[in-house]
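S.K.: The listed protein sequences correspond, in order, to chains W and H.
The first sequence begins at 0 in numbering that gives the first Met the number 0 and counts up by one.
The second sequence begins at 0 in numbering that gives the first Met the number 0 and counts up by one.
The set of hints was computed from the structure by calculation and includes no laboratory data.
The list that follows gives simulated cross-link-like pairs (lysine-lysine, DSS-like), each with its CA atoms no further than 25 Å apart:
1) W:Lys-119 with H:Lys-66
2) H:Lys-387 with W:Lys-119
3) H:Lys-282 with H:Lys-307
4) H:Lys-66 with W:Lys-24
Derived list of chain W stretches under chain H, where covered just means 3 residues or more per stretch with a C-beta under 8 Å from a C-beta of chain H:
5) 11 to 20
6) 43 to 49
We put the CB at the ideal spot given by N, CA and C, even for glycine.
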Amino acid sequence: MNELEKDLLRRISEGDAQAFTSLLKEIIPSLQAVIFRLVRQEDAVREILQEAFIRIWMHRDKLPDLEKPEAWLKRVTLNETFTWLNKNAYRARIFSGLSADAGVSESTGIDNLSLYETQKILQQAIDQLPPQRRRIYLMSRSEGLRAEEIARQLNLSSGYVKNALTAALDFLRQRLKDAGKMMLFLFI
Amino acid sequence: MDKTALTILIRQLLAGELSADGQARLKAFVTDEVHRREFVEIVDELTDASTEEIPFREEVWMPVIRKVVQTDLPAPQPRVVKIKWVRYAAAIILLFGIGSYLYNAQRASHAKVAIQQTIHEDDIQPGTNGAILTLADGSTMKLDSLGNGVIARQHGTDITLHNGQLDYTVPGPTDGQTVLNTVSTPAGRQFRLILPDGTRVWLNAASSLRYPVAFNEGERKVSVTGEAYFEVAKNEKKPFRVTINNATEVQVLGTNFNINAYSNEPVIKTTLIAGSIRLYNLKKNEGALLTPGDQAIVDSTFTMPVKKRRVEVERDIAWKDGLFSFTDADLQTVMRQLARWYNVKVDYQIGIPDMRFDGKIDKSLTLVQVLNGLTKKRVKYKIEGPDKITIYR
Chain W
0 MNELEKDLLR RISEGDAQAF TSLLKEIIPS LQAVIFRLVR QEDAVREILQ EAFIRIWMHR
60 DKLPDLEKPE AWLKRVTLNE TFTWLNKNAY RARIFSGLSA DAGVSESTGI DNLSLYETQK
120 ILQQAIDQLP PQRRRIYLMS RSEGLRAEEI ARQLNLSSGY VKNALTAALD FLRQRLKDAG
180 KMMLFLFI
Chain H
0 MDKTALTILI RQLLAGELSA DGQARLKAFV TDEVHRREFV EIVDELTDAS TEEIPFREEV
60 WMPVIRKVVQ TDLPAPQPRV VKIKWVRYAA AIILLFGIGS YLYNAQRASH AKVAIQQTIH
120 EDDIQPGTNG AILTLADGST MKLDSLGNGV IARQHGTDIT LHNGQLDYTV PGPTDGQTVL
180 NTVSTPAGRQ FRLILPDGTR VWLNAASSLR YPVAFNEGER KVSVTGEAYF EVAKNEKKPF
240 RVTINNATEV QVLGTNFNIN AYSNEPVIKT TLIAGSIRLY NLKKNEGALL TPGDQAIVDS
300 TFTMPVKKRR VEVERDIAWK DGLFSFTDAD LQTVMRQLAR WYNVKVDYQI GIPDMRFDGK
360 IDKSLTLVQV LNGLTKKRVK YKIEGPDKIT IYR
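Next up, chain W with everything else stripped away, as it sits in the complex (with noise of 0.2 Å):
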């Protein structure tokens, strides 16, 4: 893995998803050569690393802060791969002896309705952020404004719209762990 930029970084933390893809196509050719070699299934390395992916995104916040962005990433993408060894034990070929390529392994689904559910989670947290709040996050997703422009068209200091991004990121992230779809900022 390449040496991240910190601007790359700095720039997702703002919510930026061009940023985010361009750090993605940066990681996935070696995070994936390391998940296959754990479950050896294409469709099981695309359901985890999609999952990996969410919590990254949504602890886009954090990543500048981050000391060694590489191995946090590494790390969570592991954790991510032990969540599916865990729960799909019975479906990894590495466990029922079969090669990595007895047949194409037909999708079962399982990566979107976890997704669909997720966003379900966090489309209601949505609704509950205080107005204020939910007005920030809404103009920083929806219509793709930076923090400065959010502070200038409301009025307000870019430091409050900042926190309030991360506030309601925070609320976001309690609320997936709360339904038990993510676990808190894991071993860094």
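Mind docking chain H on chain W? Use the hints.
M.R.: Frame of chain W; chain H shown alone:
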């Protein structure tokens, strides 16, 4: 299991050399949540992400990434979809929204005989008969809802609407002026008309036909966009000419043929069912003589020579009899036709799946019914709103 034993097992797992016994032991290990931390630490130590890579595949990962960054978006705003209940004269209006379902009981009571029927919330109804008539003076008439009878009289020609078909009759001598009318169909409508010389024209969705209300001495000239099927009334003294996009012309004596010239299709196809026609590419100044069963293909830039091939003509004119018909058609071709009939925009979330379709589909089906038919061929779709669908792989 101590750490050394576990490390050995995980090393074997990573190398793909796990014995049956090792598989059982490791499986038991990971099924206990308390081992999470130990597992993660050992795998972390044993792997170096900087030394191995599987190349990034756009088509696999872009949909995943897109889904991930959309998980924390607010729920879309509830939308209103109107559904016409055509079977019973009274219309029921149902309001649908995501997560909320509102039923307007008052309105429903107007439709006393309405029988409960399963409706897909977001279904999209098929197109119907209808068109817009533009008269010579620029005024327009919507032909969907007008009753039977004479709807206009221009320069000695009566325009009659009869059972959804437009009929031009010239009862007496005309004043000799060339007066042009246009019938155009939006997406979701098709229409039939009879021109003053008795020529019958079927107009497919998103198409138009421009013609004089009375043909002059010497020639009969019309122009077309989109798709139309002609049954030209025989008149050897007055050749019938169809211009397509001012660049291709079909000359006819008395014959049945179909022109498919949608601007979003890659080529213009002219198919001859009966009789004889000559097709001219006016830009290249060249032509081709067609005999029944021939299809002439002109590329939409009009730069290539006219191509000719033999086809099963029934398939090309199935649309006028209420069928979609596909012969080894790719998904995009299928979707372009559905888009015109159901008046929807089609988005492809990730490239265009490579699939081929053969067969016929009834055009009176709803979009969901048609798409479910296609789904058997593993097309995944989502109805995003009353006029938009997205295709997934």
